[in-house]
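Please take these sequences and the hints and turn them into a complete structure.
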Amino acid sequence: MNEHVIQQTDNIEKHTLSNKLLANISKFRELGLIVFIVILCAFIQWRNSSFLTIENINDMITNAAILSILAVGMMLVLVTRGIDLSIGAIIALSGMICAQLVSQFSLNPLLIILIGIVIGIVCGVLNGVLIAKIGILPIIATLALMNVFRGLTYRISNGEWVSSYQMTDSFLSIATGKVFGINNLIVIAIVIYIIFYYVINHTVIGRQIYAVGSNPESAKVSGINENKILILVYSTLGGLSGLAGVLWVSKFASAQGDTATGYELTVIAVCILGGVSIAGGAGKVSGVLLGALLLGILQNALPLLNVSPFWQTGIQGAIILIAVILNTLVKRSVDRNNLVRRKI
Amino acid sequence: MNNKSLAEENYLPNNLANKKEFSLKSFFLQWEWLLILILFLVFIINSILSPYFLDANSLLGATSTFLDKAFIVFPMALIMIMRDIDISVGSTVALSGVVMATVYNSFGFPMEIAILVCLAVGALCGLINGLLIVKFKELSAVIVTLGTMILFRGIAYIILEDQASGNFPDWFNYFGWGTAGNIPFILIAFIIVAIVFTLLLHKTTFGRNVYAIGSNPTASRFSGVSVDKIRVIVFVLAGVMAAVTAIFLASRMGSTRPNVASGYELEVITMAALGGISTVGGKGRMLGTILAVFIIGFLQYGLGLINIPSQTLLIIIGALLILAVATPKLKLPKFLLRK
Amino acid sequence: MSEYVLELKGITKEFPGVKALDNVHFKLKKGEIHALMGENGAGKSTFIKIITGVHSPNKGEMYLYGEKVEFNNPKDAQVKGIAAIYQHVTNFPDLTVTENIFMGHEKVSPITRRLLWKEMHYEARSLLRQLGSTIDPKVEMGSLSVAQQQIVEIAKAISTKAKIIIMDEPTAALTARESEELYKIAEKLRDDGVSIIFISHRFEDMYRLATQVTVLRDAKYMGSWGVDEISNEQLIVQMVGREISQVFPNKHNEIKESILEIKNLGKIGYFADISFNVRKGEIVGLTGLVGAGRTEVCQAICGIAPADKGEIFIKGKKVKIKKPKDAMNFGIGYLPEDRQLQGLILSWDIGRNITLPSMKKYSQKGWLNPKREATVAKELAEKVSVKANSIFDLVSSLSGGNQQKVSVAKLLTADVEVIILDEPTKGVDVGAKSAIYEIINDLAAQGYGVLLVSSEMPEILGLSDRIIVMKEGRIATTLSKEEATQERILEAAMGSEPTNNREVVVEV
Amino acid sequence: MGKFKNVLMLLLMLLLLAACGNTSTEAPATESEGEGEAGTAGDAGEGGTAKYAFVFKNTGNPYGEKMYEGFEKAINEAGGEVIYRSPDQPTAEGQIQIIEQLITQKVSAIAIAGNDNDALEPVLKKAMENGIKVLSVDSAVNSNSRMLHVNQANPERIGRVQIQAIGEMINYEGQIAILSATSQATNQNLWIEWMQEELKDPKYANMELVKVAYGDDLRDKSVSETEALLKSYPDLKGIIAPTTVGIAAAGKVLTDKGLAGEVALTGLGLPSEMASYIENGVSPWMYLWNPIDVGYAAGYASVELVNGKTGALGETFEIGELGSFEVVEDGDGTQIMLGDPFKFDSSNISEWKDVY
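Chains as they are written, first to last, in our numbering: chain A, 1 to 344; chain B, 1 to 339; chain C, 1 to 508; chain D, 1 to 356.
Check before you lean on any hint, since a few could be wrong.
Below, in silico cross-link-like pairs of lysine-lysine (BS3-like), each with a Cα-Cα straight-line distance of 30 Å or less [unchecked claim]:
1) B/Lys283 / A/Lys220
2) C/Lys317 / B/Lys229
3) C/Lys80 / A/Lys228
4) C/Lys30 / C/Lys9
5) C/Lys118 / A/Lys228
6) C/Lys9 / A/Lys284
7) B/Lys135 / C/Lys365
No wet-lab data here; the hints were simulated from the structure.
Here the structure is a predicted model, which means the values were calculated and not measured.
Have a look at this one:
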């Protein structure tokens, strides 16, 4: 009997070892992304030496900050097997309302941020209710609400823009101010990433989101309230979009009706690059951060490299397609490895 | 009938009816009736609001203002019945149109050849989508077509940069504007395509297989339906219809640019969803889709006649879409429920 | 305080078209291992789901420690100390082992509500160690083998500190030695005062562990006995409802030439070295434990998941089968295991389902011919005696047995010569079962070659002319009708001693 | 029975169509009572007021709103009904739809800021065939599809004056760059051509145009492009941005980086958008015509066309308070041209920033 146990433990030990190896392979994505980014940076630096200057890096990260804030929210939605096409419109709506409030009442910037977030959450809850309670497919529900939010923005703005001279300095300083020498936008993004990292990895709710995406049936059996989770993720993304709306307007010092048109696709592209699976269940904060960084670098570097503006769209599309296809191939080989390891 | 007990079931005669009974109730409880009602309402409201609306000429002429993108609705309906989606169609329109113009203008081929090339490019775009989707089943159609959407548009920009390309022959430009009697060519083309697709979906084995795939992909595959082949074919059809749209669009504008038809995919999906094409697959009919095309088209046209700002139109169409997909999900009174 | 920790009285549960449970009683003592037995479709799974709060009964009452309870959702049952390990592993493949174990009862810091990962990983590791396994709790669930996942599921149940644990066929996918480990765990739990409801097809499990057995048949309660109060034969009669020999019409079919021949078929990670043949008019039984690779072999032959190695011959001619359509063109018909997911389109009517595989035959150059379709569908539906009003009745409104008949009718439309039936009577009531057996026999009599996959011993024994037993992806033995007995099959399927080791990497 | 169902469905559909058909034959009859036979719709004098339509590139653009303000003012002065339409996206497809609807409404004149030079030709020709007077404003459509173009300012002057300005700002020495939109309407490229022409003058010998960047009229892209310019050309002395979004984005970047006085910025922009950057010295001055005036001119030009002018070379158009303008040549077509672009600097920006 004892012999048996020892032998078994032996086998299991072996097993665990190869399991660890596998776990490393599945981390390959992030590693691969980092390697890719490093090579890309080296290449860009070689072509244009002003790329890796502190100033440029600062600019690049500041520009990618809003994108990365949205991406982490979108990740949660994608993890639950959903999608949200309305965020560009939410950004415009919240940005427009806040800018108008600022121009008329010169409110405290913190209050404005709060208002922006609340507007976003309201929009997000609307998305969530249509999806969770009424059961409309996410792509259709958010598509419809995208139209509604965008239309509302135009109605509210009445075709006018809110320009920088109408905004208070304190409002503009949301995006230009610094904390310990770091731009506020970066600080906000970092704070959000820390919060999300914590919530996703260290709270029950965070894990429940993944459970719902990984296996909705089992989630139900485990007593997880799927509707609650769905509404939560859509309103979270809504809130982040509302925040992004305020930051956007503050950064560019202008609120327009067509702000951030089509931005949702860029955000989704970041998530896909970052290894978030649209089939749900999988996606890491670190991956999304790297995805945002990669796209930020691309957006920063294509002009630096003197790439014709007409090639930029094509390059972006090709990189996204190649990234997702590579991801699939890697995953397939991992699965195959799993099978080979099995007894027959 | 649903809750017939096992015992009862076992006593049923072993003689099955193979003629369908006609039930007036289920006949009138079809989605299409609601659409006809909405279309009727659109007509009534529009004719009250604008004296110009019910002018026979303008009514027929109006169809040419919204029918260009409507060609894509048919393959999109097939795609959505199969539980897929294609958001690259707008970019396909742009790319195939741009290639057509380039082949005609820069390479000096005759327009007839250019049109064929345009259709071929559309088909190729669809083929790429279809193959990527069936070869990488782990990726959903949303991801693949999101990628190709950006890629196709990007290629169109690489070819034409920010230039327009036109100078098509007169007969080509007449194509999108001409009428036979009072009826615009584009309406005739639409009717032909509508009939072809309606027959394809409802009267052929191909259409039956499309429904089968949408209702239960696994069971279809197990039953020997060539699921992959049919999916690829349907995406190719979408590409071809996008190219048809590109031809009409180029003809109507006398030129084409890389930035045309942006956002068409969303309008087309809206039409299909309103037409009762179930977004989870397996359900929906062509008649509903056709009705939805005219509902949205005449709504836009009619409200345009009374000069409603386009932003209000956005809101109305968004709300209509939500209403359309939400209505069947809401709990209807019992007597209204079908089977 | 009642003597019973759990008592169910007169539980009835109806689903549309089916009565899944009909006035069922159940009593469970503290520290008791109670076997729940019954054929497939007898209502065991539904019964468990009632106890765990997934379904609520239409009628009947449930008492926990003598107190009446009503569960509205799984959480309620969880809170009351009931945990279940389901037959089909239901876990979160993307999440880690630790997360799977603690899903629904995570350890959180009382103040900050922070997840205590360290503690959870530690406890997960020690729970798994208790079960004799050193699975790394930090790996993703999806990367584990089915047996390992089963162990994690058990660890999960233990971790909830459940007082009542339900095990739904936990040994089905385990080797004999793993089963032995499981028995020990179960006994240890029992000694700690946990009550266990143990569901299994295997009499060994019951005799080894249980002290009490309750039998369900056709959704009805048949009775409850002490394990030593009832003989094996009596128990079988209670479960099946009649002598086995009565169920199976014993006809002698004329067995002719070989029609399907498989040589050295292999698929990495699933099966290897599979060789056998099926002859015209013959019923070949293919059996083995769940997870032995039977379904995978069938699916490889049918082109659903083609094999990596080996050859398939039809009437002596080598063929390549890459997709189901190829198989059908070569005359191989497949009746899948899960008729609702893989076999039928539930939202369609009977007629359309029947004609789906062979629409080409009933159409003219791609155009549908509804009249002809309807005639053919009616003919076939009547041939397999589907009970319904018309061929336009939706399949979803039929009972399991009638659905299965429609699946069989589907096969008959094509020019099929070999029919592969994967668990044809799973979830089918007894009345329909014998009808299906009759159909199978008829098919063989008409000269079809039949490959019958089943876990149900009586079915295999009663129908097959030849029986192939699979074990861990390989053919363990082939028995003729005369040689075959339940014991010999089980022995071959489980092996008295483990013959090869699960954990070893095998080059295929 | 299945057949019966289809037939019934078809019958009901036909009924519906017939219902529409009936009314559709009646409706125009009652309509045309006062108008005589359909055809010439440009009948401003008879039967009701004439309708003047203004079609801008897209909604939600203050530049268009201001132009419409002027247009409305002109029509109100001359008497008539105004219609303001624009698609929600700046596409030619959207404008075609709108023009078709305007044709149906039998408006008297359409003034349009085109999203595409050529693509509107078929529909605008159709409008003219229906007796509608068509003129383009701000962004021209090709000469076949219009009777007249109302040019905000001479493109040559617009191009040259911006080079002259940047030259003055940087003492005629150093690198300069242009930040454009991707020009869908050709005016941007035309201006850039004239800029390059002006640069050939020997007095700019020490100035070098290093790059033309495209910001697509998107805020985020314009910002990245500006930043890239600053990094790729550390010695850059001046930026010309002949587009509102571009110049404001560049102004924001230069402000945030504290480059006022080091990199000069000029171009064309809305005073409201640029007020902050002119006041803080990033852009010493920049240019724009008054969109209200442009719209006002378009309004009066519409009225004149409806009243019988043809837009032929040599005609004189009376533009309300702006005086009279002579029709001059513009490539193959004709145009009236308003004055030079207006210069906005710190002395006058505060009075204009609230206007537009």
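- Hint consistency between B/Lys283 and A/Lys220 [alpha-carbon to alpha-carbon, up to 30 Å]: Holds. B/Lys283 to A/Lys220 sits at ~27 Å (cutoff 30 Å).
- Message: So if I understand the rule, the pair passes when the alpha-carbon distance is 30 Å or less; does C/Lys317 with B/Lys229 pass?
- Response: holds (27 Å)
- Message: With the threshold set at 30 Å, check whether the alpha-carbon distance from C/Lys80 to A/Lys228 stays at or below it.
- Response: holds (23 Å)
- Message: Hint check: C/Lys9 vs A/Lys284, CA-CA at most 30 Å. Holds or violated?
- Response: Measuring from Cα to Cα gives roughly 48 Å; hence the hint is violated.
- Item | Given pair status - C/Lys9, C/Lys30, alpha carbons within 30 Å | holds (18 Å)
- Query: CA of C/Lys118 to CA of A/Lys228, is that 30 Å or under?
  - Reply: Distance ~28 Å between C/Lys118 and A/Lys228 Cα, so the pair holds.
- Is the Cα-Cα distance between B/Lys135 and C/Lys365 30 Å or less? holds (29 Å)
When the structure is compared with the earlier hints, a violation turns up for hint 6 alone.
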